[in-house]
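Chemist: Given these sequences and hints, build the entire structure.
These are the residues of each chain, in order.
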Amino acid sequence: MKFMMIVKATTDSEAGVIPPQELIDAMQKYNEELVKAGVLLAADGLQPTSSGIRISYPEPGEKPKVTDGPFTESKELIAGYTLIEVRSREEAVEWALRMPDPHGYGQGEIELRQVYDVEDFIDNPETLEKEVTLRKQVAEQKKA
Amino acid sequence: MTLTQTHRTIEAIWRMESAKLIGSLTRMLRDVGVAEDLAQDALVIALEKWQEIGIPDNPGAWLMTTVKRRAIDLMRRKKLRDQKHVEIAREMDLNHEEDIDQTLDGEIGDDLLRLVFMTCHPVLSQDAKVALTLRLLCGLTTAEIARSFLVAESTIAQRVVRAKRTLRVEKVPFEVPPKGRQRKERLSAVLEVIYLMFNEGYSATSGDQYIRPLLCQEALRLGRVLSEITPHESEVHGLVALMEIQSSRLKTRVSATGEPVLLMDQNRAKWDRLLIRRGLAALKRSQTLGSTLGPYALQAAISACHAEAPTAADTNWIRIAALYEALSRATPSPIIELNRAVAISMAFGPAYGLQIVDELSAEPSLKGYHLLPSVRGDLLFKLGRCEEARKEFERAASMTRNDREKELLLNRINECEYRGTN
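Taken in sequence, the protein lines are chains P and E. Take 1 as the starting number for the first sequence in our numbering and just add one per residue. Take 1 as the starting number for the second sequence in our numbering and just add one per residue.
Any given hint could turn out to be false.
[As the list claims (entries may be wrong)] Computed beta-carbon distance windows for the label pairs:
| hint | chain 1 | residue 1 | chain 2 | residue 2 | range |
| --- | --- | --- | --- | --- | --- |
| 1 | P | D117 | E | L150 | 19 to 29 Å |
| 2 | P | D68 | E | R277 | 23 to 33 Å |
| 3 | P | D117 | E | Y418 | 29 to 39 Å |
| 4 | P | V66 | E | E52 | 51 to 61 Å |
| 5 | P | T67 | E | Q40 | 53 to 63 Å |
| 6 | E | P177 | P | E73 | 37 to 47 Å |
| 7 | E | A157 | P | M1 | 49 to 59 Å |
| 8 | E | S291 | P | T67 | 53 to 63 Å |
| 9 | E | T257 | P | Q107 | 46 to 56 Å |
| 10 | E | S291 | P | G52 | 42 to 52 Å |
| 11 | E | A309 | P | Q107 | 41 to 51 Å |
| 12 | P | Q107 | E | A269 | 31 to 41 Å |
| 13 | P | M1 | E | T292 | 33 to 43 Å |
[Claimed, not checked] Only pairs whose alpha carbons sit at most 27 Å apart, straight line, appear in this in silico DSS-like list of lysine-lysine:
| hint | chain 1 | residue 1 | chain 2 | residue 2 |
| --- | --- | --- | --- | --- |
| 14 | P | K36 | E | K179 |
| 15 | E | K284 | P | K29 |
| 16 | E | K406 | E | K270 |
| 17 | P | K75 | P | K65 |
| 18 | P | K8 | P | K65 |
| 19 | E | K406 | E | K367 |
| 20 | E | K270 | E | K284 |
| 21 | E | K184 | E | K284 |
| 22 | E | K179 | E | K78 |
| 23 | P | K2 | E | K391 |
| 24 | P | K2 | P | K65 |
| 25 | E | K391 | E | K367 |
| 26 | E | K251 | E | K270 |
| 27 | E | K171 | E | K184 |
| 28 | E | K251 | P | K36 |
| 29 | P | K36 | E | K184 |
| 30 | P | K29 | P | K2 |
| 31 | E | K49 | P | K2 |
| 32 | E | K284 | E | K179 |
| 33 | P | K36 | P | K2 |
| 34 | E | K391 | P | K36 |
| 35 | P | K8 | P | K75 |
| 36 | P | K2 | E | K284 |
For the record, the hints were derived by calculation from the structure and aren't laboratory data. For clarity, every value in this text was computed on a predicted model and none was experimentally measured. Don't be surprised by glycine CBs; every beta carbon is placed ideally from N, CA and C.
Modeler: Next up, the structure:
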């Protein structure tokens with residue numbers, strides 16, 4: 001199962017302040033550990049929202065609204081993510097606990113979210129039915 | 001946290017650490033069986049203690065210190081006082097928890113490598129290697145391994161016990177074989193075990209399930225670990241590339257109703273792009289390290305051709321046929337020839353493929369191999385020889401042990417009858 005460890009934005013990350021060397025080293029070491037354990041799939045840091053763009057749909061069915069960053073509600077923003085593949089939810093939590101505090105001044109926050117697998121959708125009987133009908137159609141088309 | 005939650009957490013941590021614990025203990029005690037017992041003891045101690053004192057800040061280090069203390073006690077009790085053991089005892093500062101991160105790079109990586117060379121040692125049978133590797137390197141329980149292979153738990157338990165005894169009786173050393181030919185052979189034995197595990201999961205050879213994801217995941221994880229501790233081995237990256245790319249299709253290999261879906265019919269939009277990207281990167285690493293590609297890297301390169309084709313019709317079959325030819329030269333085998341025949345038929349037409357398949361018909365090692373009649377049937381069908389095709393599909397259906405595959409073949413038989421009468 002896959003989990004995404006989402007590192008929340010902080011005042012510093014939004015201001016584009018480069019983290020102290022210590023934190024950079026600790027993060028690098030942590031990532032190496034993830035790699036050595038064979039659990040790291042991908043990890044990236046994001047630029048501050050000042051260079052971000054937001055597309056929203058305030059009016060259903062209408063054209064989307066495009067807003068340029070920066071965005072203000074910093075608690076809702078993200079600064080980076082690490083995608084891991086683990087054997088259990090507990091293992092994911094354990095890895096997240098081992099990640100260095102991403103900020104160090106009290107604003108550090110990591111959110112752990114499980115990634116949907118295709119099976120999660122297939123469990124839905126409606127999707128399953130659609131999938132089956134689709135396959136039948138394809139089979140009949142082939143015969144024809 | 002409830003009691004069960006704590007339990008589950010402790011078990012998860014133990015699993016993350018168990019191979020490292022067993023590796024270090026085997027280095028100290030020179031007996032993998034005793035090492036495993038002590039590692040298991042650590043789990044029991046942790047279950048007891050951590051519920052009292054809470055989970056320590058650095059649980060890995062806590063476990064490592066605990067098992068090392070017990071190992072030293074054991075050595076003292078057994079009066080194994082040769083110089084080496086005394087030294088180890090002296091070197092260890094038992095009043096402080098070791099900083100596991102400090103030793104992680106060199107020592108622990110080396111111990112894991114020694115451990116995998118041990119569990120895949122040539123004195124063991126293939127079954128024993130797989131069971132022991134899953135148990136000691138992946139930390140799976142006997143029950144989990146048994147479930148994965150659809151055998152009784154007692155069978156696996158026995159297999160593991162016997163394997164450990166063999167290692168002890170044969171005095172198999174805990175070491176990385178010296179560089180050179182021997183190392184190369186031993187490494188390829190390790191890769192074979194990992195790929196066997198993966199394949200058993202990927203195309204379950206028996207039972208009503210077509211894929212057993214646990215085995216695929218464990219094999220891939222172990223492959224990824226190995227590629228970190230042996231970063232300069234081209235074939236290790238080749239194998240990882242192969243498994244990453246094949247895993248990218250895991251979700252599309254089975255339909256919503258559980259039938260297998262052939263590569264050409266799979267919905268490519270659902271292929272896992274991240275895994276493909278990782279596979280292609282591993283393949284690139286493999287290619288830069290090796291002057292000529294080894295069998296795993298070649299298979300990965302073939303798999304990559306499919307992964308890179310936006311639609312089935314875009315597949316570069318000429319390249320695939322060439323890669324199969326190279327693979328056939330590297331490791332001559334009738335099964336590879338059969339695959340080459342398929343690639344040739346796709347690149348140049350079914351008649352050319354059929355020629356190769358017919359040459360293989362007399363091959364004794366393919367007797368009972370259901371894919372031979374299955375491929376032959378497909379080529380005949382494409383050539384419009386439906387009656388002959390039907391016979392081949394029937395033969396294949398009677399040979400396969402996998403229920404899902406049988407269903408697929410029965411569909412093809414129906415298809416032949418339909419075409420034949422229309």
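Chemist: Could you tell me which of the hints above the structure violates, numbers in ascending order?
Modeler: 6, 7, 22, 23, 24, 31, 34
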